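Here is what each chain is made of, one letter per residue.
Protein chains: 2
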Amino acid sequence: MQKLYIIKIGGNLIDDEKSLNDFLIQFAGIDAPKILVHGGGKLANTLAEKLDVPQQMIDGRRITDKATLDIVTMVYAGNINKNIVARLQHLGCNAIGFSGADGNVIQASKRQHPSIDFGFVGDIDKNSINQELIVNMINLGLVPVFSAITHDKMGNLFNTNADTIAGTIAQSLSEKWDTELLFCFDKNGVLENVEDDHSTLQTINKEEFLQLKSEGKLHKGILPKLHNAFLAKENGVKKVFLINENKLSAQILQGNEGTEICL
Amino acid sequence: MQKLYIIKIGGNLIDDEKSLNDFLIQFAGIDAPKILVHGGGKLANTLAEKLDVPQQMIDGRRITDKATLDIVTMVYAGNINKNIVARLQHLGCNAIGFSGADGNVIQASKRQHPSIDFGFVGDIDKNSINQELIVNMINLGLVPVFSAITHDKMGNLFNTNADTIAGTIAQSLSEKWDTELLFCFDKNGVLENVEDDHSTLQTINKEEFLQLKSEGKLHKGILPKLHNAFLAKENGVKKVFLINENKLSAQILQGNEGTEICL
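For the protein sequence lines, the chains are A and B, in the order given. Sequential numbering of the first sequence, starting at 1, is according to the numbering used here. Sequential numbering of the second sequence, starting at 1, is according to the numbering used here.
In case anyone wonders, no lab produced these hints; they're calculated from the structure. Any given hint could be a false lead.
[To be verified] In silico DSSO-like links for lysine-lysine, alpha-carbon gap of 27 Å or less:
hint	chain 1	residue 1	chain 2	residue 2
1	B	Lys66	A	Lys50
2	A	Lys153	B	Lys18
3	A	Lys153	A	Lys187
4	A	Lys18	B	Lys66
5	B	Lys50	B	Lys126
6	B	Lys187	B	Lys213
7	A	Lys66	B	Lys126
8	B	Lys176	B	Lys213
9	A	Lys66	B	Lys187
10	B	Lys187	B	Lys153
11	B	Lys50	A	Lys50
12	B	Lys238	A	Lys66
13	A	Lys42	B	Lys66
14	A	Lys153	A	Lys110
15	B	Lys18	A	Lys42
16	B	Lys153	A	Lys18
17	B	Lys42	A	Lys50
18	A	Lys42	A	Lys187
[Unchecked claim] With the Cβ distance kept under 10 Å, some of the chain A side facing chain B (calculated, not the full set):
hint	residue
19	Asp70
20	Gly97
21	Leu133
22	Asn156
23	Leu263
[Said to hold, decoys possible] Here are some, though not all, of the chain A residues that point toward chain B, as calculated from beta-carbon distances under 8 Å:
hint	residue
24	Gly41
25	Arg87
26	Gly255
Please read these numbers as outputs of a predicted model, since none were measured by experiment. A virtual CB, placed ideally from N, CA and C, is assigned to each residue, including glycine.
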């Protein structure tokens, strides 16, 4: 099978003009089929503040009322997605932006929770992904760029976690490609000691992950990445890494950056 | 050649929830290849006001500084485009949203003017359109939905008139399809007397247009539509009409609504 990279970037990177440019140059340089999934960054919070739309977070998840949905749709699927696509086009990478509604590429269902109403938050699984459409896009030489907006095919848009989108797309496409899923962030990988950026684990298995988690040794922000990373690895994604966003080119060339997820 | 509809809707329709839904039901019902191009509506102005970004118009064209570009990108390519796509998907129409940057589908150049700097405003012509990409999308059974955002392949996004985008796409695709370009708006067509909605001209040729224009008998808002309509007709688009947005289904069935553009 041919190799396909699914690469996730987060908010910190998007908020920093120079870092984002440096990253996109690395991404554009990958000489293989590839997909980019991007998170949101601080822009949505800034806009919500300016528009006096109060933001409520529960366990790191944004409660998405209608006003907040409009904001994240504007920021994620509009401003951030189109600016990334325009820059990639400038770098000679034939990018095409997607929300989950476009071509019905990601169909979510409203999050059900016994006590909390998360509002317009969409949950997805492997069957949510329109594999055929993504295959068609890649076969046309296009490079899909996904924002973290999905829909329910009932006319509603949803806010969905970008780590989850990256992991779920990778699971679906593993049936067609030899997939490598890379979660890029500002750390060198999973750190044994959160205070020490040189304590990167070269590999981590589920048992080690649960051990570190139960000992409270993991940074809170890394938990959804690791959760989605293990889910992807357990569901057919060939290789899964957490790497530093500055090391993308090195990872593509040598394949031993950051922390590799093992079963 | 097979028939292809290129249909343009404007801001008034987008601002009215019920009218937009009624229109999209008609659009989804068209049993032929089709493309939708949408304008902006008042949302961009409302957002600019809330964000204290002053808006400057010269001859009905928005001067687009960086802050205004961010706003129109968020509103047009984000909120409006994705909501229209999600609603069409609900109606069983396999819509896919585009800005001009996506797949390099519309490459514009910054407007040059001897005395006015329009800012991030992009001009386009027939050669700006990535015909091959649109052909590929339609052949995949997808229905492209264009927002009025373009790019220059140098990493910059631009604001481009939606009537111009519709007319220019129609010109380009006339080489492949039997094209019909429909400008939908809230009037019944070109009115001989702007005060009388029953004075619709069944046809209008260039001479008649220039005559009415010089006599000041045309509503200001109709001029860019008519300009783009004649340009399209003169450049190979088979049929061009200005019709009432409520009459789309009737036009598709009978083909004699509103005002037909003649050479």
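Against the structure, the hints:
1. Lys66/B to Lys50/A: 17 Å, holds
2. Lys153/A to Lys18/B: 19 Å, holds
3. Lys153/A to Lys187/A: Violated: Lys153/A and Lys187/A sit about 37 Å apart, past 27 Å.
4. Lys18/A to Lys66/B: Roughly 18 Å between the alpha carbons, so the hint for Lys18/A and Lys66/B holds.
5. Lys50/B to Lys126/B: 37 Å, violated
6. Lys187/B to Lys213/B: 17 Å, holds
7. Lys66/A to Lys126/B: 39 Å, violated
8. Lys176/B to Lys213/B: 33 Å, violated
9. Lys66/A to Lys187/B: 32 Å, violated
10. Lys187/B to Lys153/B: Cα-Cα ~37 Å, so violated.
11. Lys50/B to Lys50/A: 8 Å, holds
12. Lys238/B to Lys66/A: Measuring from Cα to Cα gives roughly 43 Å; hence the hint is violated.
13. Lys42/A to Lys66/B: With a Cα-Cα distance of about 19 Å, the restraint between Lys42/A and Lys66/B holds, given a limit of 27 Å.
14. Lys153/A to Lys110/A: 11 Å, holds
15. Lys18/B to Lys42/A: 34 Å, violated
16. Lys153/B to Lys18/A: 19 Å, holds
17. Lys42/B to Lys50/A: 19 Å, holds
18. Lys42/A to Lys187/A: 18 Å, holds
19. Asp70: 6 Å, holds
20. Gly97: Given a least distance of 5 Å, the restraint on Gly97/A holds.
21. Leu133: With a minimum Cβ separation of about 8 Å from chain B (threshold 10 Å), the hint on Leu133/A holds.
22. Asn156: 7 Å, holds
23. Leu263: With a minimum Cβ separation of about 37 Å from chain B (threshold 10 Å), the hint on Leu263/A is violated.
24. Gly41: 14 Å, violated
25. Arg87: This interface hint holds because 5 Å falls under the 8 Å limit.
26. Gly255: 30 Å, violated
Against the hints set out earlier in the document, violations occur for numbers 3, 5, 7, 8, 9, 10, 12, 15, 23, 24 and 26.
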